[in-house]
Amino acid sequence: MTLNRRHFLASSAGLVAAAGFGGLGTNRAFAQNAPVYKPEEGASLRLLRWVPFVAGEEAAWLENTRKFTEATGVQVRIDKESWEDVRPKAAVAANIGSGPDMVMSWFDDPQQYPDKLVDLTELGEYLGSAHGGWYPGLEGYAKRDGKFIALPLCAIGNAIVYRDSHMKAAGFNEFPKDTAGFLELCKALQAKGTPAGFPHGKAVGDGNNYAHWLLWSHGGKMIDEGGNVVLNSPETLAAVRYAQELYKTFIPGTESWQDVNNNRAFLAGQVSLTANGVSVYYAAIKDPAMKEIAEDMRSVNLPIGPVGESVELHQASTLSIFKHTKYPEAAKAYLQFMYQADNMNDWIEGASAYCCQPLKAFASNPVWTSNPIHEAYAKASASLRPNGYAGPLGTASAATMADYVLVDMFATAVTGQMSPEDAIAQAERRALRYYRV
Amino acid sequence: MSSQSIPPPKARMTDWLQSRNATGLLFMLPAAAFLICFLTYPLGLGVWLGFTDAKIGRSGVFIGLENYWYLWHDPVFWTSVFNTVFYTLIASVLKFALGLWLALILNEHLPFKSFFRAIVLLPWVVPTVLSALAFWWIFDAQFSIISWSLMQLGWIDAPINFLGDPTNARISVIAANVWRGIPFIAISLLAGLQTISPSLQEAASLDGATSWQRFRLVTLPMLTPIIAVVMTFSVLFTFTDFQLIYVLTKGGPVNATHLMATLSFQRGIPGGQLGEGAAIAVAMIPFLLAAILFSFFGLQRRKWQQGGQD
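These protein sequence lines map, in sequence, to chains A and B.
Under numbering that gives the first Met the number 0, think of the first position of the first sequence as 0, with each following residue one higher.
Under numbering that gives the first Met the number 0, think of the first position of the second sequence as 0, with each following residue one higher.
Hints in this document: simulated from the structure, not taken from any laboratory.
Keep in mind that the hints are not guaranteed to be accurate.
[As the list claims (entries may be wrong)] Covered by chain B, per the in silico footprint, the following chain A stretches (three or more residues, Cβ under 8 Å):
#1 75 to 87
#2 243 to 257
#3 260 to 271
#4 410 to 422
[Claimed, not checked] Chain A is faced by these chain B residues, among others (derived, beta-carbon under 8 Å):
#5 54
#6 55
#7 69
#8 142
#9 158
#10 160
#11 163
#12 168
#13 250
#14 251
#15 252
#16 254
#17 265
#18 271
#19 272
[Claimed, not checked] The calculated label-pair distances, taken between Cβ atoms and stated as ranges, are:
#20 A:285 x B:147: 19 to 27 Å
#21 A:287 x B:284: 53 to 61 Å
#22 B:284 x A:243: 55 to 63 Å
#23 A:267 x B:84: 36 to 44 Å
#24 B:113 x A:163: 55 to 63 Å
#25 A:225 x B:27: 53 to 61 Å
#26 B:151 x A:190: 19 to 27 Å
#27 A:95 x B:71: 29 to 37 Å
#28 B:35 x A:97: 22 to 30 Å
#29 B:151 x A:95: 51 to 59 Å
#30 A:54 x B:27: 49 to 57 Å
#31 B:11 x A:95: 44 to 52 Å
#32 B:44 x A:431: 25 to 33 Å
Cβ coordinates follow ideal geometry from the N, Cα and C atoms, glycine included.
Please work from the sequences and hints to get the whole structure.
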């Protein structure tokens, strides 16, 4: 405890100086190049965050928060909302100008109300230079017009989980690295009666992850850099054709799958391959009845398509501060504290591979090597692309994803309700409506 | 004379306050304030939002009918309109038929009558989200109890794709809605049945009416007013259903079960397009108004109530 505290004091000298000895007027001397934020008199903060997926993650976050309160006297209240409710709650808070002071939100949420958020450029640039730089994909979510309107927090990694013994039984000793080999594996798995399954239903997380990977791995994209809808392309057609072939190898019913269905089917042994967060592994090791599945389970990144690099959507989370907060300095001090090396490392470790670091320096966190199953999830932040790639983020990109335009495009084609060409044309029409000028 | 006929202003005020009209107005004021605050204002705001490009976090500007123009050309919107009408129509007819049937059975002299009446209410009492979650498992693509049972019996080889196939999905959500809606209709109609004086039935019997004739010519006409009220409510509830769909399919597969309410939410809240979401919600109003007017005028007509024609 003493050691921890001393360690903490050393690493957060600037902050403590600001908080504890701020009155002495010696902040600058301690601060060096780290920005110093002096919490306002009598400040207290409220953070709205998503309900944690892993207990250890929440524990680490709360512990860091407790240390912050101890150091600064600033109380931080943490409100939790189920992850799909954070977006509307935060948007309303931004809209009416009251409620939580900070929000831990998803994807391009900060881009929907950039002018309601406190500029965090100073802190963002400092953290980036201090910790090896931000991962570009995550940084894209947090920056607008060259300014940080949020701080990237983490990528919730998505990776393929599969049953090793079933793969070997299907005649594969090694997991295929490319999309062509992957299709062969899925065919072989199906022939053995141990099929794969990816959600084609309205699964906010898993459905979008799969659909974006299909599109991007084949070089297709929804939007170009200028914000024009460029979905209708030969690359997209190739992606849809590939999805059709892959779908034929799936367990029946994936077009009704929501976010939990693939976990359930995998843990019940109904499918031998799907993509998910690491949570499916923890669900398996928690239950003694699933010991066999847990031991047989392996994880790997989604295969690389014609585009030649590993590209995925993942889930991305950022932290932002609302302009309506009465205590912006305290809020910045809190964020700065949470990103200090020790605290951030504790948190990443607590999240047991669920949350992938936003800053490159934390890639050496021991959590990634502590269990082979974690390895695939370590690369999430590196392979992450923002939704609405490669266009600007904002209400259009958010609405297009929330309206399941891409998910629906693949689902209509694979189920044969429309030809690939028609499905793409329809998706293009829908996207155009959101990206209208 | 003239000085007597014109009272001083203060007295006039007191007189007015003591008149029946003023008292009536005063008594209505709280209710009116309540209605304006919690009904008229939100409704008006919703209609207004439908004419703007408001997004969450942004108040938006007036854009006239643009939202409606876009919706008019949006196949997903029209799918949701079709789904909503289809869902409401089929579910309401089924709920009415089964509910009336159940009410008639419960109106007979059964053993443990009160017990059965209480049991029947259960689906209505259980929170919608809970029963929807139960149905979600019942309709699961892999773990459906129905599929499992049929497979055990050897009737089918593979699980039924309840929520993955558009037709199956529509039938499944309607089935869940019917299950949940029957008790409301059954119990309300049962209450109506009990207000029908037994002497009418006896008189009809003495005149030699068969039980079908008694039902058609005595019970049904006497029940019409309550049927009109109950069915209005039922249609309104069904038309605006949200929870069931949101839990079971979120509107999938490929929007085959998207109702106007779920589409409005999807675009308005997670999608952030408040204006368009509001426009979809406003587009529901004509349908709802039609249902209300139908029952309102139906209720006003004694001829209808007595089973006659205009």
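Each hint, compared with the structure:
1. 75 to 87: With 3 residues close enough to chain B, the hint holds.
2. 243 to 257: Answer holds; 8 residues pass the 8 Å Cβ test.
3. 260 to 271: Result for this restraint: holds, n = 5.
4. 410 to 422: holds (count 4)
5. 54: Since chain A brings a Cβ to about 5 Å from residue 54 of chain B, closer than 8 Å, the hint holds.
6. 55: Since the shortest Cβ distance to chain A is 4 Å, the answer is holds.
7. 69: holds, 6 Å
8. 142: holds, 7 Å
9. 158: holds, 7 Å
10. 160: holds, 5 Å
11. 163: With Cβ-Cβ at 4 Å, under 8 Å, it holds.
12. 168: Nearest chain A Cβ about 7 Å off; hint holds.
13. 250: This interface hint holds because 6 Å falls under the 8 Å limit.
14. 251: holds, 4 Å
15. 252: With a closest approach of 4 Å, the residue 252 of chain B hint holds.
16. 254: holds, 7 Å
17. 265: Because about 6 Å separates residue 265 of chain B from the closest Cβ in chain A, which is inside the 8 Å limit, the hint holds.
18. 271: holds, 5 Å
19. 272: holds, 5 Å
20. A:285 x B:147: 19 to 27 Å: With a Cβ separation near 25 Å, residue 285 of chain A and residue 147 of chain B satisfy 19 to 27 Å, so the hint holds.
21. A:287 x B:284: 53 to 61 Å: holds, 56 Å
22. B:284 x A:243: 55 to 63 Å: For residue 243 of chain A against residue 284 of chain B, whose Cβ atoms are near 41 Å apart, the range 55 to 63 Å is violated.
23. A:267 x B:84: 36 to 44 Å: With a Cβ separation near 38 Å, residue 267 of chain A and residue 84 of chain B satisfy 36 to 44 Å, so the hint holds.
24. B:113 x A:163: 55 to 63 Å: Cβ of residue 113 of chain B to Cβ of residue 163 of chain A: about 60 Å, so the range 55 to 63 Å holds.
25. A:225 x B:27: 53 to 61 Å: The hint (53 to 61 Å, Cβ to Cβ) holds, given that residue 225 of chain A and residue 27 of chain B are roughly 59 Å apart.
26. B:151 x A:190: 19 to 27 Å: holds, 26 Å
27. A:95 x B:71: 29 to 37 Å: holds, 32 Å
28. B:35 x A:97: 22 to 30 Å: holds, 24 Å
29. B:151 x A:95: 51 to 59 Å: About 55 Å separates the Cβ atoms of residue 151 of chain B and residue 95 of chain A, which means 51 to 59 Å holds.
30. A:54 x B:27: 49 to 57 Å: holds, 55 Å
31. B:11 x A:95: 44 to 52 Å: holds, 46 Å
32. B:44 x A:431: 25 to 33 Å: About 29 Å separates the Cβ atoms of residue 44 of chain B and residue 431 of chain A, which means 25 to 33 Å holds.
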